[in-house]
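In case you want the letters, here they are:
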Amino acid sequence: MLVGNSLLLPSPCETLQSVRDVLTTGRGWQAIGLTLLRIVSGYLLGCTLGVALAVLTSHFETANWLLKPLRSLVKTTPITSFALILLVSVVSGIVPVIVAAIVVVPMIWQTTEEAIRNRSIQLEEMATVYLTPWKKLRYVTLPQILPRFFSTASVSLGFAWKAVITAEILSLPRFGIGREMQSIKSYMETSELFAWTLLVICMSVLMESGFRILLRKAGQRYD
Amino acid sequence: MIKLSDISIRFGEKQVLTNFSTQLPDRGVVLLSGESGIGKTTLLRILCGLTQPDSGTITGLETRKVSVVFQEPRLIEHLTALENVSLVSDRKTAVRLLTDLNLEKEMNQRAAKLSGGQKQRVSLARAFSFSDDVVLLDEPFSGLDDQNKLRAARLIRTAQLALVVTHDATDAELLSADKIITL
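Protein sequences, first through last, are from chains A and B.
The numbering of the first sequence is this note's numbering, which starts it at 1 and goes up by one.
The numbering of the second sequence is this note's numbering, which starts it at 1 and goes up by one.
Check each hint, because a few of them may be wrong.
Partner residues are not named here, just some residues of chain B that face chain A (Cβ under 8 Å, in silico) [as the list claims (entries may be wrong)]:
#1 H78
#2 L82
#3 R157
Straight-line C-alpha distance at most 20 Å; calculated EDC-like pairs for lysine to aspartate or glutamate [as the list claims (entries may be wrong)]:
#4 B:K65 - B:E13
#5 A:K135 - B:D90
#6 B:K3 - B:D178
#7 B:K149 - B:D138
#8 A:K217 - B:E77
#9 A:K136 - B:E77
#10 B:K179 - B:D168
#11 B:K113 - B:D145
#12 B:K65 - A:E124
#13 B:K179 - B:D26
#14 B:K3 - B:D26
#15 A:K136 - B:E83
#16 A:K136 - A:E114
#17 B:K179 - B:D138
#18 B:K149 - B:E139
#19 B:K14 - B:E62
#20 A:K135 - B:E77
#21 B:K65 - A:E125
#22 A:K135 - B:E83
#23 B:K179 - B:D133
#24 A:K136 - B:D90
#25 B:K149 - B:E173
#26 B:K105 - B:D138
#27 A:K135 - A:E125
#28 A:K136 - B:E72
In case anyone wonders, no lab produced these hints; they're calculated from the structure.
Just so it is clear, CB atoms sit at the ideal spot from N, CA and C, and this is done for glycine as well.
Isolated chain A (complex conformation) (with noise of 0.2 Å):
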C-alpha cells in the first residue's frame, strides 16, 4: 500500500531515476564534492589531533589528568549540541569540519592512546640498545600501535560521515548533501530524499571498502 505511492515511501524506480535527476546536475556534483571535501578535511583534522593528543596523555600523566575529562565530555556530548553552539561563531561550511573532528578525535585519541600505553616494554628497551629513534620507530613502535590505529580509524571514518551530513542539515551551507536532503524535506520531494540517501550509503560504504583496502595492504606487513 505504501509502495507506489511517492510521497510516502518511493518505488525502486522512482528513487533510481532521482539518483540519475541528480547525478546529471551541477549542483548535485557541487553538493557531493563540497561534502566528501568536508568529510576528508574533519576526518583528517580529526586523525591528526587524536594521535597528537594520544601522544601526549600516554606520555604525560599531568596532561592525562587534565584532558581526560574533556575526552569523556566531548563523548557523551550529542553532535546537534556541538553543531548548534559552533553555528553561533563559525561560517556555516566549516561546522560540519569541526563537528566531524570532534567525533573522530576523541575514537582516536582513546585508542592510540591504549596502544602506546600496551606496547612491549622488552622491545622498546632493546630498541633503544641497538636502534637510532628513526628506526626504533619505524620498526618496533609504529608496527605495535598501526594495527589498533587503523582498525578505530576506519570505524570512525563512518562516523565522519553521519556527522558531517547531519552538521550540513542543521547548519545549512550553500552547498552541500545535508543541505539538500534539508531543501527536499521541505518540498517533501521523497524520491529525491531516498535518491540522496541512497547515493550517501554507496559513497561511504566505498569510501570505507577503499580505505580497508589499503589498511590492509597497510597491516599485512606485521601480520
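Chain B: place on chain A using the hints.
Chain B only, in chain A's frame:
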C-alpha cells in the same frame, strides 16, 4: 678496566644491590653467578644503561660499544631472522653470523615462525653483529641443544669482553671463563 663502585639499587621494599663493587678486565669472558633474584640481571641492565642505580659509579665503559643478549630473544616478530640482525649492522655480517650459528635455512623465515632455540641464536647473532666490543649476555644458552651451545660458546669467546650471567656451573667450563664473579 671497567670499574663498578658502590652500586646500590632498591626496587620498592627490596634492596637488590648494596654497595656492590667489582672490576671487569678489558678482555676475556667473565661469568656472573649467584642465586636467583640476587641482582645479576639488574647489574647487566645497569651496565647497558637501561636501569639507573640509586647510587654508585661505573667507569671505563664510556668509549665502548655495548650490546646485550636479553633473557628473552626480544626479536621483531614480523621481520625475518636476517632482517632482525641486519637492522643493527650490515647484511654481510648478519649472514655470516647467522651461518655460524647454524641458521642458514631459517634466515628468511619470520621471527614469529622460529622455535625458542632458533630465536635465541638470532638474538646472539644480533648482539655480535652490533658489536663484539662489550657483550652482556643473560642466560645465553637457555633453550639451546648441546651442538648449538658449543656454537654459541665459540661465538661468545670472540668478544673482546663478554659478561655472562648464568646459574649453570658447567657454563664456566664451556666458555673457558677468565673470571667468575659471584654475587
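Comparing the hints with the structure gives:
{"no.": "1", "hint": "H78", "result": "holds, 5 Å"}
{"no.": "2", "hint": "L82", "result": "violated, 14 Å"}
{"no.": "3", "hint": "R157", "result": "violated, 22 Å"}
{"no.": "4", "hint": "B:K65 - B:E13", "result": "violated, 33 Å"}
{"no.": "5", "hint": "A:K135 - B:D90", "result": "holds, 14 Å"}
{"no.": "6", "hint": "B:K3 - B:D178", "result": "holds, 17 Å"}
{"no.": "7", "hint": "B:K149 - B:D138", "result": "holds, 14 Å"}
{"no.": "8", "hint": "A:K217 - B:E77", "result": "holds, 18 Å"}
{"no.": "9", "hint": "A:K136 - B:E77", "result": "holds, 14 Å"}
{"no.": "10", "hint": "B:K179 - B:D168", "result": "holds, 15 Å"}
{"no.": "11", "hint": "B:K113 - B:D145", "result": "holds, 19 Å"}
{"no.": "12", "hint": "B:K65 - A:E124", "result": "holds, 19 Å"}
{"no.": "13", "hint": "B:K179 - B:D26", "result": "holds, 12 Å"}
{"no.": "14", "hint": "B:K3 - B:D26", "result": "holds, 10 Å"}
{"no.": "15", "hint": "A:K136 - B:E83", "result": "holds, 14 Å"}
{"no.": "16", "hint": "A:K136 - A:E114", "result": "holds, 19 Å"}
{"no.": "17", "hint": "B:K179 - B:D138", "result": "holds, 16 Å"}
{"no.": "18", "hint": "B:K149 - B:E139", "result": "holds, 11 Å"}
{"no.": "19", "hint": "B:K14 - B:E62", "result": "violated, 29 Å"}
{"no.": "20", "hint": "A:K135 - B:E77", "result": "holds, 15 Å"}
{"no.": "21", "hint": "B:K65 - A:E125", "result": "holds, 16 Å"}
{"no.": "22", "hint": "A:K135 - B:E83", "result": "holds, 12 Å"}
{"no.": "23", "hint": "B:K179 - B:D133", "result": "holds, 17 Å"}
{"no.": "24", "hint": "A:K136 - B:D90", "result": "holds, 17 Å"}
{"no.": "25", "hint": "B:K149 - B:E173", "result": "holds, 12 Å"}
{"no.": "26", "hint": "B:K105 - B:D138", "result": "violated, 26 Å"}
{"no.": "27", "hint": "A:K135 - A:E125", "result": "holds, 13 Å"}
{"no.": "28", "hint": "A:K136 - B:E72", "result": "holds, 18 Å"}
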